[in-house]
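S.K.: Kindly generate the complete structure, drawing on both the sequences and the hints.
Chains X and Z, in that order, give the protein sequences. Each residue of the first sequence is one higher than the last, beginning at 1 in our numbering. Each residue of the second sequence is one higher than the last, beginning at 1001 in our numbering.
Calculated from the structure, these hints are not laboratory results. Quick caveat: nothing in here was measured; it's all calculated off a predicted structure. Glycine residues also receive a C-beta, built at the ideal position from the N, C-alpha and C atoms. Keep in mind that the hints are not guaranteed to be accurate.
Partner residues are not named here, just some residues of chain Z that face chain X (Cβ under 7 Å, in silico) [stated by the list, open to error]:
no.	residue
1	1066
2	1094
3	1238
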Amino acid sequence: MIIEMREFTRVEGNGKAEIVIEDGEVKDVRLQIIEGPRFFELLTLGRHYYDVPDLEARICAICYLSHSVASVLGIERAFGVEVPEEITLLRELGLIGEFLESHALHLYLLVAPDVFGYPDAIRMATKHGELVKEGLALKAFGNRIRVMIGGREIHGINVKPGGFGRYPTVEELEEIERESEALLRLAKRSVRLFAQSDPYGAQAKHFVATDGYLWGEKLISDEEGAFHYTERIEEHSLVYSFAKQSRYKGEAFFVGALPRLLLKSEMLTPTARRLFEEHREKLETGYVSYNNLAQAIELVYSLEKANEIAKTLLDRGIEGENVPVEPREGEGIGYVEAPRGVLIHHYRIDASGKIAYSNIITPTALNHAMIEASLLEEARKLYGEADERAMIGRLEETVRAFDPCISCSVHLVKL
Amino acid sequence: MMDKLKLAVFELTDCGGCALNMLFLYEKLFDLLEFYEITEFHMATSLSEGNHYDVALVTGTVSTQRDLNLLKEARNHSEYLIALGTCATHGSVQASVELPIREKLKAVYGDGGNPMRALDSKPVVEYVAVDFALPGCPYDKEEVYQVLIDIAKGIEPVRKDYPVCLECKLNEYECVLVKKGLPCLGPITYGGCKAVCVRSGLGCIGCRGPLPGEVNPASEYEILKSLGYDDEYIIRKFKTFARWEP
Ligand code: SF4
Ligand code: SF4
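M.R.: Structure follows, in structure tokens:
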């Protein structure tokens, strides 16, 4: 017998799951990514490098800037371009804007309705209007940063190899400094809210993140030594899903806010670090549902970090100079922490600056096996215990905890 | 009080941006809810009510059999259907990958055939008649707000009929095509975005699709050629967001 879950709601993109029951027991779970393929790597093949980050941004709207930045990093590494600290800090600021926009969307509009028992945030707003407003304020602030750095709320084209089209002004940086301080109170409150829930889903055994907090040169895991993805991560196709599945040394693994905290807590800002320590025991159990709590702690991190970056830039003043980029034959990988986990853009570029090879692996594709493992575990726990509707509701919450972004998982190519 | 109109948002294959942009309306979304009741919007709500919609917004391209079925459902059950965003109106980036679907699938997934029934990505307007087409990757959110308010008040919304160039002039942005020699598609692209990319000193990449009518792509082509861009580059640029025209 197969229990078919309907298409997931309150997640980005189109996906569903099947629960396979045999002899009265849950035998298997299949996560089906039914969103159509979009063939992004084919789209960029043969194109001039300069145009590529703007196109790759279209992979996903919720985290377009992570895609632009990962793409730019891959291209710059292929050409051996180094940018000054100012440009690095502004890119980090952009990624923080994206954390705020994306985490606030996920926690307040998609997850919170589960906590309070509503089908959506709009209906939740009648009783919990304050909370919805707080979430929207955080999200709007994140989007203001995305406009400033990325050029638009969605799919801006301001992030370029070697720098930016337009640099922020002193007034804009002062606004960031002010607002990030003012909003910190709301973020702390969200930590209290999401610390309350009981654990569900599987306990992840392997965690993977980039070696810097927001982006990196390489990946790290719970094992010794930084590594390139090709050394430990493998992908394979499935007949029932448009997304491929990745495994870390053959096993399911987890990328996202919880893995980031567990692997990189020493890089957190002061208050975020204190909150991490306060909830460390819980988080270290590795239950995927604590990803929600981890995201709430990252809201605090993001505001503190945005404040710190704005202060640094205001002290030093903004130069607004791009670094010249000369194409040459080369290969480069950009690793970025998208809000929902590690994002990889890998390119080979020819001497004329055209893309000759491209491979993109997104967080949701990396988490595909872990989502299945979590659904299986949760279904085994609940099948026969809870009624079917309650079981399916909890399974949807389990999927939601990964903050999956389904559109973004569907376009892998190996040439 | 008057009954609220039933509003649905259907998402086919896309980046999620056009659906997400509705949530970025913030307080204005609540203003819309004075006139509308959301009965289907799976990014935002777990409710899914009803089988009749006064207004349906469809985002994305038809890229699978599932998308096609969903689109037909949406068309059959709604009074007023809006193709929302460049995916739905012109195909956007995924429709510009010019290989037969079999070959594309093979490049990505290997020899396993097509068990998930993928189709060549095409815009919504290729399959069904739409009552209004609002391009943009993503569209300007003020624009969708205005369109929905107009419909609620019984006014037929107007289509923009000027290029991005005009918006540069209104905002007094320096022309990046003439002054910097950047490959800007502003002269032949649907206006309505407030020329936001030119504000960053960058050329318009044409994300709102080509403006039909008296605009002149041939002369844009000549200008870009005279600036030193080669044929292949220009043609790919022209076709990135729009292989199809509504
Ligand atoms: S038109 Fe652009 S923003 Fe809208 S769904 Fe398509 S790719 Fe995303
Ligand atoms: S300027 Fe061009 S690329 Fe930018 S938003 Fe407008 S139409 Fe799109």
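S.K.: A separate judgement is required for each hint: does it hold in the structure or not?
M.R.: Now for the hints, and whether the structure bears them out:
1. 1066: Constraint on residue 1066 of chain Z satisfied, holds at 6 Å.
2. 1094: Since chain X brings a Cβ to about 4 Å from residue 1094 of chain Z, closer than 7 Å, the hint holds.
3. 1238: 12 Å, violated
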